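Trainee: Put the two chains together into one complex, using the hints given.
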Amino acid sequence: MINPMKFVLLTAILTLASSAYALDGQIGIHDPSTVIQCDGKFYVFGTGGGGLISDDGWTWRGGAVRPGGGVAPDVIHIGDRYIVAYAGTGVHTMWTKTLDTNSPDFGFKDDTVVATSDLDCNAIDPAFLLDPGDGKLWMSYGSYIGFIRLVQLDPKTGKRVDPNGTPYNIAVNCEASAMMFHDGWYYLLATHGSCCRGSDSGYNIRVGRATAVTGPFLDNMGVDMIEGGGKLFVGSNGRDIGPGHFGLLDLGDGVQKFSCHYEADLDRGGASVLDLRPVLWKDGWPEAGENMKGGTYEIQSVRTGTSLELAVEGVPVGGRRPLRGGGGGFGGRRGGPGAGVAAGETNAAGGQIAVGEPGGTNAAGGRGVRRGGGGGMFAGQGGVIPPQDVAQVSTNWPAGNVDLRLANYLCQAQQKWAITAVTNSGGYPGSPYFKITIAGTDRALAVSEDAELVALPAFSGGPEQLWRIEQLTDGTWRIMPKSVPNSKDALALSAIGSSFATLGKFDPTSDMQRWLIRAP
Amino acid sequence: MNTLRAILLQASSVLAATVLFGIAAPPGASAQSYGSTLTQPASPTKAPGPDGFLQRWIILDPIHVNGVTQNAVQAAVKTNYFPGQFTVIPRDGDKVTVGDVELIWHAVDTKNYNVNLYHLVHALNKPFTNVLFWAVTIVNCPEEMRDVRLAIGSNDASVWWVNGQEVIGIYGDRQTVIDDGVSKKLTLNKGPNVIRCAVHNQGGATDFCARFLDAQNKPVKNLSLSLGDIGK
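Line by line, the protein sequences give chains A and B. Residue 140 in numbering that gives the first Met the number 0 sits at position 141 of the first sequence, with consecutive numbering throughout. Residue 62 in numbering that gives the first Met the number 0 sits at position 63 of the second sequence, with consecutive numbering throughout.
Treat the hints as calculated values from the structure; they're not laboratory data. Values in this document were obtained by computation on a predicted structure and should not be read as measured data. Honestly, I wouldn't trust all of these hints.
Computed cross-link-like contacts, DSSO-like style, restricted to lysine-lysine with a CA-CA straight-line distance of at most 27 Å [to be verified]:
id, chain 1, residue 1, chain 2, residue 2
1, A, LYS481, B, LYS184
2, A, LYS96, A, LYS108
3, A, LYS281, A, LYS40
4, B, LYS217, A, LYS504
5, A, LYS504, A, LYS96
6, B, LYS220, B, LYS110
7, B, LYS184, A, LYS487
8, B, LYS220, A, LYS504
9, A, LYS487, B, LYS183
10, A, LYS487, A, LYS504
11, B, LYS110, B, LYS217
12, A, LYS40, A, LYS96
13, A, LYS158, A, LYS481
14, B, LYS110, B, LYS45
15, A, LYS504, B, LYS184
16, B, LYS183, A, LYS481
17, B, LYS217, B, LYS45
18, A, LYS487, B, LYS217
19, B, LYS183, A, LYS504
Partial list, derived from the structure: chain A residues whose beta carbon lies under 8 Å from chain B [stated by the list, open to error]:
id, residue
20, GLU312
21, GLU448
22, ASP449
Ideal Cβ placement from N, Cα and C applies to all residues, glycine included.
Next comes chain B alone, as it looks inside the complex (with noise of 0.2 Å):
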């Protein structure tokens, strides 16, 4: 979300930010649910959306950053918060300790294409402005694909890896746009493959995106989503 918008979001009672972005739950709405777009998943695995879209993610609370500039994010997203921060698969309701400040990773579906993040801090009650969202997914194949992207979107800046390896990152204050970062090409491997974020959120508005394309530039929809199952 740009900044002037932001501003003039963010001088604006929660009201109006209620009805500017169709929130639905008020703070301390139940856990089942998030706003209008997010749940708590239901099913062990939940397959792509129609267009490849990954709607199923696992993700922590936000954490205070500053800077939204390309460096200012990769020194963020550099940054140690909590032990196994690139490695965890963590389930939901567990919890980290960043700094002297406790949070929770919250597994949620979407019903739509993004991810919206913020319904789910103003659920939650949590601060949007100039934070860093952590978020994972597992993404099982049932062969080896090679040669696919990660395509990406995100309000503001993020930064994502596959399996580790740091493949995609977008800067700058900036809205969602699908497929706005495309990573060179990769392979997923046959069964799991541990897809991992960090958002960096301005002000006003977050949310992201992401999906895999194949050689031809069509999405990759044979895949299924799972959260927390593997490597605990």
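The shape of chain A in the complex, shown without the other chains (with noise of 0.2 Å):
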């Protein structure tokens, strides 16, 4: 298959607010880069020629400067170069030593071709792996026409090591590959289906892995990329429509992220935007992975299985039953089950002793259970119980600070938490800053000057109650406020103990900065 319309240079740099919480600023991009960092910015290089800065990788504008033009560049960092490469007539290399356009160090150099096209490949879309075993740079290259092929490189220059070497065919019926590495796997990202037809782009990145660099890479099926395969890496979903041309943003401590253009996102006029989301690792498979989307959740201690609270009493969700009376007492021994306990003690299911009689149905018109043999105790309340009010049980909270704890989920009021995007504070690649209160309220959880947690009464926007939401490779996720009042660390919300949560350096090899943020 061919895409005519790969070779349209996409020149108009889009300025586009953001609706959601896809990337901010000038994202308009096509066919882009892996995103690189460059001190301490975030480049990323298109189609056309020039590229987009970001400080934080949330909001970005343009101003990346690529000489050369053509389509479809990339990226990488190797030593004190960045070396970049394009195409035009066939396969480009240059280097850089940095990519700020401000530095005296700044300017390409060695503009050489590395790879042409021929009846078999379309020489275009260059992508680049630094073996982390050997140290040995590969290009990987080509489109719908023949193959998609891998040639070694000198890390130093971005020459051929054998100009007149054979490259590697390593896979067939697709476009804008990538490659990486994982736990002793060569994986190939190649995007499949047609691009630049906006919202009727099906654009898709699929991925097959293999033992050896040069391949044979294999999907789940196992079935060879260059016959065609490719297990599902990113599809369309939602708004955003024909996601391509993968890049790796590897941020360290187990946080993946991958950059790729949707060819259009509905919500910013179906335009080709640039996007950053997480790359999970499932059974030795990468997928990818959700950028945080506002609600309501429970947010769960992996480390615990308990979940984040606001220190204060509970009110069972459905208010506390009458119990029958009997039993109890100073030292008093009780009868055993069917005696029942003393008035508003709970039992050990987690409700309440109900009165009324066994063997009965509900009364209350709703989803209620008919008693069976049990009955009694646990034969509910009948009806549906409404979720609790949190205006009339926050009635009874501290107007001040509270703390902050962790306790068994129980649906309360006190547990679930608003996850809302803040506007112009700032983000992190993928997203912006969010928010973090009690459902219904404007209690805020916040960083206190000792740098432990405390929830406040309200949220004021400063950085100590901004926090950034990133999904981990193993789909849970981490939290971790914008700053620590009187500290420079970089601190994640972590578990201590089964039921209290604090502050902690994050370390990849451990559950205790690891959450799940979960529907309640």
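Mentor: This is the structure we're talking about:
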């Protein structure tokens, strides 16, 4: 298949306001390179020359400079050089010591053709892989005409190690290839489907893996990518149509993200835009994760299985039911099951002993449960128990600061957190900062002066009240404050013991800082 | 101990409870031991256990209270039961009067990570349902220790003070779990530090455990424990 519009240069940089939680600022781009960091800034290059810059990975602007024009570049940082490849007449490479155009070290050198087209390969869409095992530099390239090919480059110059050597053919019926190494496997990610047709573009990224850098790259069903195989990594989802051009952004500590463009962002008029999303790993295969979306959630510790809550007295959902009297008292001996407990006490099942005769049905007309032989304390109260009214139960909460802790999740108001993006407060690769408040209130999770957690009565926008929420490669989440008072340390929400939470240095080998963010 | 299990236990005979909990000593046993796990201290000081647990305490006979929820327990521990409730450093055999009942402090060393209060009250023939235990120990530090945390577990609820400051509370019908509750960072003084707790039991088994964790969440072991040798 040929994508004739592939060669149409996309010269306009779109200035778009974010409507959801995709990236912010000027994010119009097509065929983006790998996102790379240089002197604390993020850079990405696209088709047509130039590229985008971001201070935080969230808000982007134009201004990156890449000479040569052409399409679909890639960039890699090796030693003191940034090597850039792009497709003009064949694939070119060149290098510069910095991507910062204000630096005297900026300036691309040694523009060299390293791969050319022939009947069996359209030499476009280059992508680098630096083998972490032996330090060899590889470049894959190609499109729908013929094969995806692989050649070895000199990591110092970006030139071919063997200019007259025969490239390896590694895949077919795809384009925009990229490679990465993970846990002993080489992964080839390539874009299938059609590009450049707006919301009718079928772009999707697929993956195969091999034990050798040269392949064969088999998908999850054992189909070789050189015969068209490929396990889906990411396809169209929601209002983001046609993801293509994978690029790995490894932030360390077990946080991996990937860049891509969507052929059409329906919230941005169907423009082609950049995005950054988490990479997940499941059973040896990468999958596209999701950036945090706003909503109301339970925040559960992976370490403990207990959930973050305000340290206030909880009220059982549905209220405390009256109990049969009998027994109890100081030193008293109670009867066995069925004898009842003192009024106001709970039973072992987490509920209370119900009043009423066993064997009946509920009278509320709701989705009650016909009482079987058990009945009694297990029969419920009949009807649908409505969600807890936070306005009602919070009247008994302290008015000022409240401590945090972890507890068994019981669907109570002090355990439900609203996660909301905060505009104009910056962000991090893929997402803006969020505020985390008790749903239905303005009580905000924050960091105290002594670097402990506290819930403030109201959100006021301070950096100690803003949270970076990122999906880790296992699908769990890391939650970090934007800043910690009186500290320069990057700390993360951390379970300590079974029932308390604090802040701690993120340890990728531990469950202490891993959280499940789930619908309540 | 959760209540349903407590009901089941309490419906059983003392013999059944003895089987379930492995209680060796019947009521009226020697004051030198309380069940199979607690003994009267035989040395002036004691090192923490291998995992840093504080294994020497002096414990007051139980006081009747009601309610295991956060608000109920907080109200219970803030009730003034006897003079010097938050300051006294008792000695073994000291007595206080709560209401019209005379209660006795009992010094114990535990063989385990936890202090089995059920063993204690069973040996003393005291109640264990809807009761509050006050307990004190002295932690002696060779140097000031910053950014340590008190890590506790209890069956059921408990509230803890370090040198007079309330530092942690856990509430509700719960079982003892090591490091269930962990305080915010605190500083232990060089020399003696008074650790005080109040453990509420709603019914059934009851125990607690405590240790200090350092800034790396490792148990603090370079401590010694003593009782009643200061403050009197």
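Trainee: Taking the numbered hints from earlier one at a time, note which ones the structure violates and give those numbers from smallest to largest.
Mentor: 3, 5, 13 and 21
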